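K.L.:
Chain by chain, the residues run as shown.
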Amino acid sequence: AQSVAQPEDQVNVAEGNPLTVKCTYSVSGNPYLFWYVQYPNRGLQFLLKYITGDNLVKGSYGFEAEFNKSQTSFHLKKPSALVSDSALYFCAVRAYNFNKFYFGSGTKLNVKP
Amino acid sequence: EAGVAQSPRYKIIEKRQSVAFWCNPISGHATLYWYQQILGQGPKLLIQFQNNGVVDDSQLPKDRFSAERLKGVDSTLKIQPAKLEDSAVYLCASSEQDNQPQHFGDGTRLSIL
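Protein sequence lines, in the order shown, are assigned to chains A and B. Just so we're aligned: the first sequence equals residues -11 to 101 in my numbering. Just so we're aligned: the second sequence equals residues 11 to 123 in my numbering.
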């Protein structure tokens, strides 16, 4: 069965500090992995994806994520957080040979000035 | 490019009434998704279309929910009759192909009284 877990409901970080939002997944075969961000009363916006290739993926707004096959993880990172990064972040997974996407339950990121 | 358009943005109905949501995907996107996002949770896939054919509707409550994508462009999602537990945001998304990032509309917030 395919699934994705975001173990932290909320992450608090000070502006200027590095941030990490965690994601682990379970999928049969090779995964397609995605991160999305959601601002209040808006739909989800795509940040970055891993399909194949380099394990470190760079995306929008200075975010990056590292694919770790042995730990089945795809953590989202940013070297220096901004207050404007405060939002809800979702990890999503899809097996390469299976059509359905699965989203995590979301992590609320709070960046304090 | 124009984004995914959804209407209405908000809808309030009483239980046992019917409601319909409309989605116009990004031009040229073959894949269209409807998701249900309950407050505090990640999006749950209800139905996925590839052009005008259904790829996955395994999580669609077919006794009350229906969806169609005539001509492979815009789509409607209907609930009849509505239940209290249907209160949620209904998100429409589209992508060029089913393994590509999804572009989301801003959703329809449904409240059942």
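It is worth saying that the hints were derived from the structure and are not from the lab. Since this is a predicted model, take the numbers as computed values, not measurements. Check before you lean on any hint, since a few could be wrong.
What the hints assert, rightly or not - One side only, chain A facing chain B, incomplete, derived with CB under 8 angstroms:
# : residue
1 : R30
2 : Y38
3 : G94
Just so it is clear, CB atoms sit at the ideal spot from N, CA and C, and this is done for glycine as well.
K.L.:
Work down the list of hints and note, for each, if the structure agrees.
P.N.:
Now for the hints, and whether the structure bears them out:
1. A distance limit of 8 angstroms between C-beta atoms decides the matter here; for A/R30 the minimum to chain B is near 5 angstroms, and the interface restraint holds.
2. For A/Y38, the shortest C-beta to C-beta distance to chain B is roughly 11 angstroms, which exceeds 8 angstroms, and the interface hint is violated.
3. Nearest Cβ of chain B to the Cβ of A/G94: about 5 angstroms, under the 8 angstroms cut. The hint holds.
Hint violations for this structure: number 2 only, all remaining hints satisfied.
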